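Knowing the structure of chain A, use the given hints to seat chain B on it.
Residues per chain are reported as follows:
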Amino acid sequence: MGFFDLFRTPKPKSASVAKERLQVIVTRERAHRSGPDYLPKLHQDILAVIRKYVQVGDDAVQMNLEREGNREILELNIILPEKG
Amino acid sequence: MARVVVITSGKGGVGKTTTAAAIATGLAMRGHKTAVIDFDVGLRNLDLIMGCERRVVYDFVNVINGDANLRQALIKDKRADNLFILPASQTRDKDALTTEGVEKVLTELAEEFEYIVCDSPAGIERGALMAAYFADEAIVVTNPEVSSVRDSDRMLGILSSKTRKAEQGEGAIPARLLLTRYSPARVDKGEMLSVEDVQEILSIDLLGVIPESQAVLNASNSGVPVVHEDGSEAGQAYLDAVARFLGEDRPHRFLVNEKKGFFGRLFGG
Numbered sequence: 001m002g003f004f005d006l007f008r009t010p011k012p013k014s015a016s017v018a019k020e021r022l023q024v025i026v027t028r029e030r031a032h033r034s035g036p037d038y039l040p041k042l043h044q045d046i047l048a049v050i051r052k053y054v055q056v057g058d059d060a061v062q063m064n065l066e067r068e069g070n071r072e073i074l075e076l077n078i079i080l081p082e083k084g
Numbered sequence: 001m002a003r004v005v006v007i008t009s010g011k012g013g014v015g016k017t018t019t020a021a022a023i024a025t026g027l028a029m030r031g032h033k034t035a036v037i038d039f040d041v042g043l044r045n046l047d048l049i050m051g052c053e054r055r056v057v058y059d060f061v062n063v064i065n066g067d068a069n070l071r072q073a074l075i076k077d078k079r080a081d082n083l084f085i086l087p088a089s090q091t092r093d094k095d096a097l098t099t100e101g102v103e104k105v106l107t108e109l110a111e112e113f114e115y116i117v118c119d120s121p122a123g124i125e126r127g128a129l130m131a132a133y134f135a136d137e138a139i140v141v142t143n144p145e146v147s148s149v150r151d152s153d154r155m156l157g158i159l160s161s162k163t164r165k166a167e168q169g170e171g172a173i174p175a176r177l178l179l180t181r182y183s184p185a186r187v188d189k190g191e192m193l194s195v196e197d198v199q200e201i202l203s204i205d206l207l208g209v210i211p212e213s214q215a216v217l218n219a220s221n222s223g224v225p226v227v228h229e230d231g232s233e234a235g236q237a238y239l240d241a242v243a244r245f246l247g248e249d250r251p252h253r254f255l256v257n258e259k260k261g262f263f264g265r266l267f268g269g
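Taken in order, these protein sequences are the chains called A and B. Those letters in the first sequence? Residues 1 to 84, by our numbering. Those letters in the second sequence? Residues 1 to 269, by our numbering.
These are computed hints drawn from the structure, not numbers from a lab. Please read these numbers as outputs of a predicted model, since none were measured by experiment. There's no promise every hint is true.
To be verified - Selected chain A positions facing chain B (Cβ under 8 Å, derived; list incomplete): (1) K13; (2) S14; (3) S16; (4) A18; (5) R21; (6) Q23; (7) I25; (8) V26; (9) R28; (10) E29; (11) I78; (12) P81; (13) K83.
Claimed, not checked - A partial selection of chain B residues facing chain A, derived with a Cβ cut-off under 7 Å: (14) M1; (15) G101; (16) E103; (17) G190; (18) M192; (19) L193; (20) E196; (21) D197; (22) I204; (23) L206.
Glycine residues also receive a C-beta, built at the ideal position from the N, C-alpha and C atoms.
Next comes chain A alone, as it looks inside the complex (with noise of 0.2 Å):
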């Protein structure tokens, strides 16, 4: 070891990397399979109708379910291509 690495931040330790990803994952996979089964699929229609008009990249449809006490509420969000 150098000098000068004694001033370097130490790198993280190998288990926080760990389990920083893993909550990163695992929340996103539980929101993606508390979603009815038809999600996904309406996901790629919405897309698709859009398509029909602007040419828009995968990410252009977000779609966020949340739930509040007995309702559902479906949050979509379609960001349309700057015009160029």
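For chain B alone, kept in the frame of chain A given last:
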């Protein structure tokens, strides 16, 4: 009224069969009449871990198909009274496990046994789903390692929706975490997820922590469930887990790295 317990994990190789053998043997040693069933159709392994591989005549699928009755297929354990093993078949036909067939066998077992331990295969295919479907509760076996924790979370999702109880509107069956191959020394060094980390991510109750131990391989080498090695840490940790399973309050052991000091090294050996 028999209680059906599934030993599951999603990921393979984390210690499901070792755990099924240890928990079933532990329950039997505590005086409870217990049957342990291998649901890994096609890849029979519980018989090897239990040391009864040469006594298998009929199997689970034979009973489902009516080729043999339950009494003919159940193998009485050599070491523990009260313990019987129902081996998996080696047929490659995964559809052999029908819902009706499994239900029939479990119902018949329930007349005679207090606990029915279902050793699930890895994955989330038919065998794993069938092992979990009729369960009253689950033990989720997890290694402190990213893919195992992720798969366990996936399995918890399945347990909350794809069991008979869930389908009948009774909600998720209780599931508890059994963390295996734990190494406190590596946790101290920041190289391994701690038991608190895993519990925080999965947010389920902890049934037990089994330390990484040579005794587990020794036990499977010789076909003697590790709870018989009561001098080993892994054996003791499993016996603790069995006691907690039965409702006893036992402190968790083997969670801290026993650093030997100078005198410890000098005199402790």
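Closest C-beta approach of G101 of chain B to chain A relative to 7 Å, hint status: It is violated, given that the least Cβ distance between G101 of chain B and chain A is near 27 Å, above 7 Å.
Supplied contact hint for K13 of chain A, tested at 8 Å Cβ to chain B: With a minimum Cβ separation of about 3 Å from chain B (threshold 8 Å), the hint on K13 of chain A holds.
Under the criterion of a CB-CB separation shorter than 8 Å, is E29 of chain A in contact with chain B as hinted? This hint holds: E29 of chain A lies near chain B, its Cβ roughly 7 Å from the closest one there, short of 8 Å.
Please check whether K83 of chain A passes as an interface residue: C-beta within 8 Å of a C-beta belonging to chain B. Cβ of K83 of chain A sits 42 Å from chain B, so the hint is violated.
Would the hint on I78 of chain A be counted as holding, given a Cβ-Cβ threshold of 8 Å to chain B? At 29 Å from the nearest chain B Cβ, I78 of chain A fails the 8 Å test, so the hint is violated.
Restraint check, 7 Å cut-off on beta carbons, for I204 of chain B near chain A: violated, 12 Å
Given hint S16 of chain A near chain B, where the shortest CB pair must fall under 8 Å: OK, holds: S16 of chain A within 8 Å of chain B, min 7 Å.
With chain A as the partner, please determine if E103 of chain B meets the hint condition of a C-beta pair closer than 7 Å. Constraint on E103 of chain B not satisfied, violated at 25 Å.
So, Q23 of chain A near chain B? Judge it on the closest CB pair being under 8 Å. holds, 6 Å
Minimum Cβ distance from M1 of chain B to chain A below 7 Å? At 32 Å from the nearest chain A Cβ, M1 of chain B fails the 7 Å test, so the hint is violated.
Chain A contact restraint on G190 of chain B - CB to CB distance below 7 Å: Check passed: Cβ of G190 of chain B comes within 3 Å of chain A, closer than 7 Å.
Once the shortest beta carbon distance from R21 of chain A to chain B is found, is it less than 8 Å? holds, 7 Å
Of the numbered hints listed earlier, those contradicted by the structure are 9, 11, 12, 13, 14, 15, 16, 20, 22, 23.
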